[in-house]
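2 protein chains.
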Amino acid sequence: MKKLAILGSTGSIGRQALEIVRAFPGRLKVVALAAGNNLPLMLEQVQEFHPVFFSLEAEADRKNLQLQVPECKYLPPQEMASLPEVDLVLVATSGKVGLGPTLAALGAKKQVALANKEALVMAGEIVTAAAKSNGITLFPVDSEHSALWQCLLGEGREIARLLLTASGGAFRDRPLEELASVTPQEALRHPTWHMGRKVTVDSATLMNKGMEALEARWLFDIPLDRIEMIMHPQSIVHSLVEFADGSVKAQLSSPDMRLPIQFALSYPERWENRDLPKLDLAQAGSLHFGPVDVGRYPCLALALEAGRRGGTYPAVLCAADEEAVGLFLAGKIGFLDIPRLVNKALTLHKGTDQATLYDVLAADAWAREEVLAAATG
Amino acid sequence: MKKLAILGSTGSIGRQALEIVRAFPGRLKVVALAAGNNLPLMLEQVQEFHPVFFSLEAEADRKNLQLQVPECKYLPPQEMASLPEVDLVLVATSGKVGLGPTLAALGAKKQVALANKEALVMAGEIVTAAAKSNGITLFPVDSEHSALWQCLLGEGREIARLLLTASGGAFRDRPLEELASVTPQEALRHPTWHMGRKVTVDSATLMNKGMEALEARWLFDIPLDRIEMIMHPQSIVHSLVEFADGSVKAQLSSPDMRLPIQFALSYPERWENRDLPKLDLAQAGSLHFGPVDVGRYPCLALALEAGRRGGTYPAVLCAADEEAVGLFLAGKIGFLDIPRLVNKALTLHKGTDQATLYDVLAADAWAREEVLAAATG
Chain A
1 MKKLAILGST GSIGRQALEI VRAFPGRLKV VALAAGNNLP LMLEQVQEFH PVFFSLEAEA
61 DRKNLQLQVP ECKYLPPQEM ASLPEVDLVL VATSGKVGLG PTLAALGAKK QVALANKEAL
121 VMAGEIVTAA AKSNGITLFP VDSEHSALWQ CLLGEGREIA RLLLTASGGA FRDRPLEELA
181 SVTPQEALRH PTWHMGRKVT VDSATLMNKG MEALEARWLF DIPLDRIEMI MHPQSIVHSL
241 VEFADGSVKA QLSSPDMRLP IQFALSYPER WENRDLPKLD LAQAGSLHFG PVDVGRYPCL
301 ALALEAGRRG GTYPAVLCAA DEEAVGLFLA GKIGFLDIPR LVNKALTLHK GTDQATLYDV
361 LAADAWAREE VLAAATG
Chain B
1001 MKKLAILGST GSIGRQALEI VRAFPGRLKV VALAAGNNLP LMLEQVQEFH PVFFSLEAEA
1061 DRKNLQLQVP ECKYLPPQEM ASLPEVDLVL VATSGKVGLG PTLAALGAKK QVALANKEAL
1121 VMAGEIVTAA AKSNGITLFP VDSEHSALWQ CLLGEGREIA RLLLTASGGA FRDRPLEELA
1181 SVTPQEALRH PTWHMGRKVT VDSATLMNKG MEALEARWLF DIPLDRIEMI MHPQSIVHSL
1241 VEFADGSVKA QLSSPDMRLP IQFALSYPER WENRDLPKLD LAQAGSLHFG PVDVGRYPCL
1301 ALALEAGRRG GTYPAVLCAA DEEAVGLFLA GKIGFLDIPR LVNKALTLHK GTDQATLYDV
1361 LAADAWAREE VLAAATG
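Note that the protein sequences, when read in sequence, are chains A and B. Quick note on numbering: my numbering labels position 290 of the first sequence as 290, and the sequence is numbered without any gaps. Quick note on numbering: my numbering labels position 374 of the second sequence as 1374, and the sequence is numbered without any gaps.
Simulated from the structure, these hints should not be mistaken for laboratory data. Incorrect hints may have been included.
To be verified - Here are some of the chain B residues that sit facing chain A, going by a computed Cβ distance under 8 Å: (1) Lys-1249; (2) Leu-1279; (3) Leu-1372; (4) Ala-1374; (5) Ala-1375.
What the hints assert, rightly or not - Pulled from the structure, derived: some chain B residues nowhere near chain A, Cβ distances all over 10 Å: (6) Ser-1247; (7) Val-1248; (8) Ser-1254; (9) Gln-1262; (10) Gly-1290.
A virtual CB, placed ideally from N, CA and C, is assigned to each residue, including glycine.
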C-alpha cells in the first residue's frame, strides 16, 4: 500500500490522480490533500478518501471544512510533504507554490511525483541537487517527460537527443496575423488535451514546450542543445529518445493524463486499468510529424534562451509568463502581449548565472512586478 | 574486447555484422567464421579479419583456403560455438542448420545473438529450455525482435500485447488474382529491406511474419494470442509493446539491419556509429499503419496455426516452407504453390504436442520429402 500526499488535489492533475486512487483501493491510500480555495470539491474529496490531513488557503474555508469533517486536521502543504506516514508526494500545484513542498519532500527522502513544471524550470539546479543528495529520483508526471522516462528505463547514458513532441496548441492552424485578437476562450480550446487553464494557454504559445525542454534538461541531466521539438498534432506519440547508435524509442498512448499520472504512482510496476483508453494504431491510420515553426512561437525561443542563460533567467521566464497569462485570461492584455511582456522582463533582468534559492525567489518577485507595471503602465 | 564466432559470415547478416566489426576494431574481434560454399568471399574475410578458425562445407574449398591462408584452421561450426576463446556466437545462417550450433553455444554458456529464426520456430521450447538452464538470455537480431527487446529493457512482466509491424512485402499492392503468376525476380524486390533471398520471399508471403510471431513467443515467453501484427509499409517502426496500463513503447529507425546487428553485439552498451543512418521523423512526415489483411496472406494463418498446435508442427512449417521457397526460386512452382504445399504438409502431418529434438528433426526430414514429392508428383 503506497501512502500519498496530493498537493493540488482540486486541480486537473489532482482530480485525475484521485481517479487512479479510486481505481486501486488496495494499492493506494490518501493521507493528505492540499488545495487552494475550492472548498466544495475539497469537502467532497475529504469525505470520499478520508485523508488524515487537508489544506486550504483561507482560514474561513479551513474552519468550514473542519466543522463538517472534524476528524480531518489542517496541515500546511510543506508539512504534508514530510509527514512520516507519507511514501509519495504528488506535487500537482501550478506555478511557484510547488517549489517549497517539492524541496521539503526531497529533504524528507520521499518519493516525489512532479506535475508542477515550474519547480524544475525556475530552480532546476537546486531541486535536482536536493534530489541527488537525498538519493531520490524525481518521477515526472507530464506526458512528455513520462514518455522520456519510460523510454529511458533500462538504458544507459548513451543518449543522442531527446525529442519532445508538440501538438501546436489551440492556434497551430491560425494565420499569424489573427493571433493579436484571439480571445482567452479560444486559447483554452486545446485540440487534444484537457488540462488546467494556465498550461492550456502555455500550450497555445508553446511556452509550455519551452519549459518542458528546461524541465527535461534537469530531469534527465541532458544538455539543452540535445533536446529538440517536433510537431505532432495528434498527441499520440508523447516523446522520443534517440540513442547514440541511432535507435529511437517512443512512448505512445491515447492522449489521457491518467496514464502518466498512474505510472508515476505505480512505478516500478504497471497496473492494468480498464478505465484507461487503449490505443488502436491500425485504426489511427497515420501518425503525423513535422518541424516546429519557431517564428510562429516566440515564447518557445524565449524559454530556450532563458534556459541557455541559466541562473535566475528561467525564474524570470516562469514568473513573467505566469503573470502575463493571468492578465490575458482576465482579458486585460492580448495574446501577443504574452511574449512581449516576457521578453521585456528577460531583457531588463540583471541575472546571475549561479543562483541561490533566495536569488530565484527574488527574481520571481521582481519579474511579477515588472510585468504588472509594464502591462498597466 | 568481445570475441566473436560468426556462423553464416558470407550471408547478408554475416556481411553486415563484419561491417560492424570493421567499425569497432577496439571492441570486437573475430575468432571464427563459418560459411557454406562462398569460397572467394570467405577468403577475403579471412584475409581482412584474421580469424583463428574458419569453416566451409566442401572439402575442396577448405583445402583451397588453407593453401592460401595456412595459419587459419578449419573447425566445424558446432565446435566454433563452444570454443573457450569465444564470448558471443552470432548465428546468422538461414534454415535448420542454425539449430545445432545454437544449442552447442547455449550448452557452452556463450552469449548467443540469433539471426536464424528457424532455430526458435522449429525448436523453440528446446532452445529456450537450454538457454534457461544455462542462464543465457538470447539476443535477437531480427529488426522486429530487436525492437521488442529494446522496448522491454527495464520493464517487468506486465505485457498486454506484442505488436509486430509488417511491411507487407513485395506484393502488398498487387491484385490477388495476379499472384499466381508472379516471378521469383519480382518476389525478391522487397520495398524496404535488402535481405537474403529466402527471407525476402517469406516476406512476400508473410510467412516471415508468422514465423516471427512464433519466434517472439519463445524469445519473450508470451502466449501466442498476445502477439499481433500491424501493417506498416515504411518499416520505420520495427515493432511495439503494449503494457498492462495501456502505455505503448515503440522502437524506430531507418530500415538498416546493421542497427539491430550492432545492438546485439554491443548490448548492454550502445555505440555511436556514423555509418548508420539517422532517422529524421519530421522529414519522414507521416508513419502509416493499418490492419493486416489475413485473407491475402495464407502463409501467415498457416504459421500461427502451426504455432498454436505446437510440438512438431512448427518444424513441419519451417521445413515445408524452406523446400517450397527453394522450388519457387528455382522456377519449378508458382508463388501460390508455396502456401498450398505448406498447408498440405501440415494437414498430412501426424504430430505430437511434446516434441524431443529427435522428433523435431524427423518431422523436418519428413516434411521436406513430402513437399518435394507433392511438387514433382
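> Which earlier hints can't be squared with this structure?
Replying inline: 3, 4, 5, 6, 7, 8, 9, 10
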